[in-house]
Amino acid sequence: MSDHILDLQNVTVQFGGLRAVNDVSIYIDPGEFVGIIGPNGAGKTTIFNLITGSIPPTEGKILFKGQSIAGKRSDQLCHLGISRTFQNIRLFPEMTAYENVALGLHARPQYSLIEAFVRTPAAVRTEEQSSIAVYELLDMVGLKSLALERANSLPYGLQRRLELARAMATSPELLLLDEPAAGMNEDECDDLIRTIRNIHTEMGYAIMLIEHHMNVVMELCEGSRLYVLNLGQILTAGTPQEVQGNPHVIKAYLGEKDESYV
Amino acid sequence: MGYLNTILVLGGIQVIAALGLAILTGYTGLFSMGHSVYMALGGYAAAVLYMELGVPFILALILGALFAGLCSMIIGYPTFRSQLRGDYFAIATLGFAEAVRLVLNNTYKIINGAIGYLGIPKLTSPWLVLIAMLLAFVLAHSFTKSQWGRNCLAVKQDATAAQMMGVNVLKTQMTALFVSAVYCGLAGGLLAFYMAYLTPAMFTVTKSSDLLAAVVFGGMQSLVGPAIAGFVLIALPEILRPLESWRLIMYGSLFVIIMVFRPQGLLGYYELELGRYLAPIRAAYARLGIRRKAKVDAA
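Just so you know, the sequences run in chain order A and B. Everything in the first sequence is counted per the numbering used here, starting at 34 for the first residue and increasing by one. Everything in the second sequence is counted per the numbering used here, starting at 130 for the first residue and increasing by one.
Each hint should be verified, as a subset may be incorrect.
Computed cross-link-like contacts, BS3-like style, restricted to lysine-lysine with a CA-CA straight-line distance of at most 30 Å [said to hold, decoys possible]:
id, chain 1, residue 1, chain 2, residue 2
1, A, 98, B, 300
2, B, 300, A, 94
3, A, 94, A, 105
4, A, 177, B, 274
5, B, 300, B, 274
6, B, 251, B, 238
7, A, 105, B, 300
Just a sample of chain A residues kept apart from chain B, beta carbon distances all over 12 Å, derived [claimed, not checked]:
id, residue
8, 43
9, 49
10, 56
11, 62
12, 65
13, 91
14, 103
15, 180
16, 215
17, 234
18, 263
19, 281
Hints were generated in silico from the structure; no laboratory data involved. Where is the CB? At the ideal position from N, CA and C, for every residue including glycine.
From just these sequences and the hints, can you work out the full model?
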């Protein structure tokens, strides 16, 4: 038996005639930081969708904490300890930053429906207690002062941070980050790197990161592992240095040198 | 006085039903075109319980409302299970409502089918409607502010994201439907004991669309809006009675105008926030407390 927190074993996903993911095996250990890179359409987000249970694999097995996740709904997997952010931000736009995080924190109501209607003192007290946790999470991503702003009124970079806080609110053991630095400039990237590194060391989650910004990936995966995906298959895996020097990776990203032009 | 009373009572009953639909449509984002069916079920159940089984009036009302809520699960479970949303859900509710209405229309045992269930005592007083309406509002308000209500809003805004954040979407939708059906069931019960008779013709699609209109006019994420709109839409036709059939044209055009210029409804996301008005008083009270504490410390 493995002690990997997540273990994808020879997973294949077939969309009609297209093999979006082809015989992929990926694992991540508790508390580890693993990056996934690859050109557009390589199947990276599909892998996240597999792990969160929104699409079933055509072949292969996915084990989370040694248990198969087959047939589990996304919300059940969330309660088992898998959380994620989205490539194109998917906050609840008309709820405040506070409410977004609070939702992640208590997606399963802590009190009964009747208590919700009658608003018993016990229910009010639970809400008050949970507000401390919400503000702590908002503080971690630097959004404490904007708690009562509506999510869609926040600037882009802050929405990404809010999504991060919401994902953390579900108290995951495995956090999937889908291109958190997309659309950010250098300064914002540096900021984000610091935030994510903080989260990783403080909370001890296993984090799986999809990212296109090479400097973000390379810096965050320093001393850790990186998978390179191309056309639904794993091209190579290894430390950032190993991957950067791999000729296959260079070929997938930049194409081949065509001698006939020389 | 009697005429005015009637308008007020019918308006109040409509408010209760509109509040229920506001939770389903406004807060959970599910359009129902057949919510009059729960008024019918609640009304008939309460009347039968009282008349045939001798259940006390208030208890009959409550049981009737709960019966309507349970019946909503018949349509709710299969539709939500197969993830019918938007127009598809609306059509399913419409079909269910019509089916139930036809069953009532053709059930001659006890409830006399299309002839109508007659002889129900007139037990609903304006005061009872007023109390029920206020209670319905306060309870709905705390529901929408609760963790349950927040889940409803999340499902409305992005069901997929909500599910990945751990919200049980099916359960949330079922809860919203159940609650809205209970509200409509209560309204139906009050109506039965006010009109003193019931006939399936009272609960047609027109009634359902009146309720939906109240929510759309009033505001898609508001309780005050639909409550006011529900009342106005009952009172307005009475005021405009001389115009008779023109009012339907006005309804239609109003609908279009609101959809085009104010898709979020008249009151939109506005919610009556008691807290906002109480905040200065609370702050003053807190300052008082600090001053008192400072004095104690000084002493």
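| query | Among all the numbered hints in the text so far, which are the ones the structure does not match? | reply | none
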